[in-house]
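Novice: Spelled out, the chains give:
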Amino acid sequence: MIRRAPAIAFIALYLGILGYGIVAHMFSMGTGSHVGMYYIVWDMFCGWSGFEQRHHLIAEGESGQFYDITTGPWGDVRPYGPLERLHYDTYAMHTPRIAQNILKQTAHEPITKVYMIEEYWAKKYNLPDAYWAATHQEPKDPKRYYSTRMTLTNDCQKWVTYPTWLHKQQYVFYMDNPKLQMLAKNSRQFLRPNSVYQANQFVPIGTLPSASLDTGAIQPASFEMITE
Amino acid sequence: MSRTTQQPASYFSQLEQFFFAKEAPYGMALMRIGVSSAMLWTHIVRFPYAREIYSTDGAIAQLSMTFGQGNYVPELGGTAAVALYTILICACIGSIIGWQTRICLALSCLLYTYFSMLDALSTITKYSVIASHLLLLASLADSGAIWSVDAWLKGNPKRNPFPSQPSRITPTSYVWPARLTQLFIGIIYLGAACTKLHTPAFFNGDQLKYWMLTQMNHGHPLGDYLSMHPALVVISCYIAVIWEIMFIFTVFTKGWRIPMLLIGAAFHIGTTLMLGLVTFPLVMISGYLAFLKTSDVQWMAQQYRYVKRRYFRNVSIALPQLGLSSWQPALAHYSLLLFSCVIVVATSAGVQAENWMDPYKKRGPNGPLQLQPMPMDKVAELFKQEEPLREIDRIFSFRLGTLEVSEIIIDPRTEFTQGDLLVAQVSLTPPHGDMFLECVLVDADGDLLHQEYYITPRDTNLVTFRLNMCETLLPGNYAMVLRANAKEVQRQPFTLKPGVCKVPQ
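Chains as they are written, first to last, in the working numbering: chain A, 1 to 228; chain B, 1 to 505.
Heads up, some of the hints might be wrong.
[What the hints assert, rightly or not] Partner residues are not named here, just some residues of chain B that face chain A (Cβ under 7 angstroms, in silico):
id: 1; residue: A59
id: 2; residue: A61
id: 3; residue: L63
id: 4; residue: S122
id: 5; residue: L180
id: 6; residue: W211
id: 7; residue: W243
id: 8; residue: M246
id: 9; residue: F249
id: 10; residue: Q370
id: 11; residue: P373
id: 12; residue: E386
I should point out that these hints are in silico values taken from the structure, not numbers from a laboratory.
Please read all numbers here as calculations on a predicted model, not as lab measurements.
All C-beta atoms in this analysis are idealised placements derived from N, C-alpha and C, irrespective of residue type, glycine included.
Between the sequences and the hints, there should be enough to build the whole structure, so can you do that?
Specialist: Structure below.
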């Protein structure tokens with residue numbers, strides 16, 4: 001029995017940790033409290049919205065010329081399919097560093113600003129043409145919506161950030177309500193310190209990762225936003 | 001004459017038997033080979049980009065940043081990161097062939113977890129987390145005791161036995177690492193079921209439908225097809241949740257073990273066809289190998305021998321004789337030293353190879369690569385003023401039918417008979433806001449015959465209109481027109497055939 005003690009201790013510890021993850025997940029309790037939770041919470045079925053999302057990273061030079069730096073000119077890893085790495089940065093948290101690296105490793109004129117643009121289209125247009133023709137009378141006419149998500153300074157620091165296009169749509173719907181509109185007009189705007197991410201810097205609430213505001217649980221490898 | 005009565009085993013002894021029985025580690029050896037092979041592929045794909053995604057000479061995206069906890073693991077320079085990544089690949093190969101197995105598995109687990117934590121965008125995902133757990137548990141098992149270079153080096157040819165050989169010559173070890181692996185897989189499914197229970201949009205099929213249509217993973221031909229059959233999606237959603245909850249409670253019972261594992265394997269292969277996942281099913285099915293018992297492996301070996309005798313009697317494969325037997329004692333003695341030398345040489349070669357590949361192409365004839373200007377029309381498109389959402393983009397589908405299962409049409413059709421109850425169903429794409437939906441019946445001349453409307457709140461994604469097709473409606477061609485916020489968005493023509501009205505007027 002004594003020789004088995006380390007094994008028994010490990011079994012108890014391991015099952016205890018997995019059990020803690022399950023209970024935390026079941027009751028939505030502290031699942032985003034620590035990075036280690038990602039290793040014991042099994043939330044594989046993340047939110048998939050009805051709109052397909054892509055990112056574009058555009059650098060503006062001093063001459064007024066624009067450069068597409070969504071991927072480095074040397075090519076990019078395509079980790080899970082046909083898309084490059086930047087497209088999996090759902091919360092745009094790592095975009096500044098990606099932009100900084102591409103600018104650092106390439107030759108270019110002095111850059112004044114970098115923009116991160118989101119592109120969306122309704123996912124129904126992803127249906128193959130044959131399937132579309134079999135189920136729809138009207139021709140396939142996808143419309144792409146573009147929205148600026150972030151502006152970076154010339155050294156790729158966050159300058160201005162905006163809510164995602166999906167969240168903007170929700171704001172638009174809420175603002176259709178005249179009573180809500182009046183309340184929003186009459187209430188004073190307030191800012192709160194984003195102490196977790198950037199000390200001593202005040203940013204509008206809308207720039208925080210949306211999932212942390214909604215549920216307290218961030219799903220970093222969830223490639224798309226949870227929408228109502 | 002004494003009479004002995006057999007006492008039922010106590011819970012403690014049952015538990016002890018569950019974790020500390022001894023078996024040949026076939027399952028864990030197969031899992032070791034399976035998981036490491038799947039991981040090796042992902043490592044090789046990422047090797048040319050190791051500097052960019054794992055070093056300070058690139059763009060690290062630490063997982064801890066996403067949790068708002070700053071940098072959690074140390075960040076290394078380009079060369080050091082590439083060297084460590086090469087060691088990871090070497091450890092992975094070592095795990096597959098079973099050379100210094102325990103060290104290789106431990107290194108694989110440690111380094112893979114480290115690199116996963118460094119890259120939240122293109123490395124860490126749930127399959128990498130599961131692989132880290134499996135590598136940890138394989139390193140604790142005696143998974144290198146059979147089918148490995150280590151077993152061969154131990155000098156006893158019976159250390160690599162064919163499974164149907166007598167069990168007395170097969171090495172055995174405690175089963176607790178295999179049991180932990182089995183429980184771990186069961187807990188994953190339980191957690192996955194919790195997630196689905198927390199997601200109401202899962203049970204009406206919306207979540208899975210949009211996942212099957214997404215183009216962020218590999219191709220998924222079955223997903224495209226199934227997304228047009230939402231009733232099938234809903235049924236499979238319920239089956240998946242029931243199976244996930246049942247798994248951990250049934251897989252340890254005799255009659256259920258094999259069916260549950262076969263359903264699981266089919267489920268994971270289905271995710272490749274429906275969702276375009278590749279590595280995830282490979283990792284999970286490798287994890288399933290830990291469920292194999294000695295008797296399973298022996299049965300499979302017997303089947304293999306039977307098939308070979310029956311159909312391939314005259315086929316013999318002559319394995320090349322490498323003449324290593326005489327070197328065996330020396331190789332066994334210096335195995336660790338030789339292994340260390342191989343790691344050092346391979347790491348140096350990996351660093352040199354990466355340097356030769358010039359990942360950023362800085363050593364080209366014109367120095368670093370030049371950024372190319374964008375066409376101005378593309379710039380104008382990206383920066384144009386944001387446009388409001390089109391009404392048509394709020395509608396996912398508009399279908400006609402007669403039968404509903406779980407509130408979803410299961411018989412989409414364009415022909416109806418008098419007496420049918422026509423069901424017109426609108427599936428909305430969230431976020432769609434509050435909407436005013438009208439369903440209008442028009443005849444072949446476009447004259448309005450019937451109209452229904454529904455004020456759709458923002459949290460409703462499925463709207464159903466029903467119309468009795470009685471004798472008052474003559475046989476002929478008609479169309480159901482969907483109008484959203486006073487705009488026609490979709491039109492479904494249909495034919496009405498003569499019939500008997502069964503519905504009271």
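Novice: Please go over all the hints and tell whether each is borne out by the structure.
Specialist: Verification of the hints:
With a least beta-carbon distance of about 4 angstroms to chain A, the hint placing A59 (chain B) at the interface is held under the 7 angstroms criterion. Given the 7 angstroms rule on beta carbons, the hint for A61 (chain B) holds: about 4 angstroms separates it from the nearest Cβ of chain A. Evaluation of the L63 (chain B) hint against chain A yields a held restraint, the C-beta minimum of about 6 angstroms falling below 7 angstroms. Below 7 angstroms, beta-carbon pairs count as interface contacts, and S122 (chain B) has one with chain A at about 4 angstroms; its hint therefore holds.
Below 7 angstroms, beta-carbon pairs count as interface contacts, and L180 (chain B) has one with chain A at about 6 angstroms; its hint therefore holds. Given the 7 angstroms rule on beta carbons, the hint for W211 (chain B) holds: about 4 angstroms separates it from the nearest Cβ of chain A. Taking 7 angstroms as the C-beta contact cut-off toward chain A, the hint placing W243 (chain B) at the interface is violated, the least distance being around 14 angstroms. Given the 7 angstroms rule on beta carbons, the hint for M246 (chain B) is violated: about 16 angstroms separates it from the nearest Cβ of chain A.
The closest approach between the C-beta of F249 (chain B) and any C-beta of chain A is roughly 14 angstroms, which is over the 7 angstroms cut-off, so the hint fails. For Q370 (chain B), the suggested interface contact is upheld, since its CB lies about 5 angstroms from the closest CB of chain A, less than 7 angstroms. A hinted interface residue such as P373 (chain B) counts as satisfied when its beta carbon comes closer than 7 angstroms to some beta carbon of chain A; here the least separation is about 5 angstroms, so the hint holds. Because the closest C-beta pair between E386 (chain B) and chain A is about 6 angstroms apart, less than 7 angstroms, the hint holds.
Consistency note: the structure conflicts with the earlier hints numbered 7, 8, 9.
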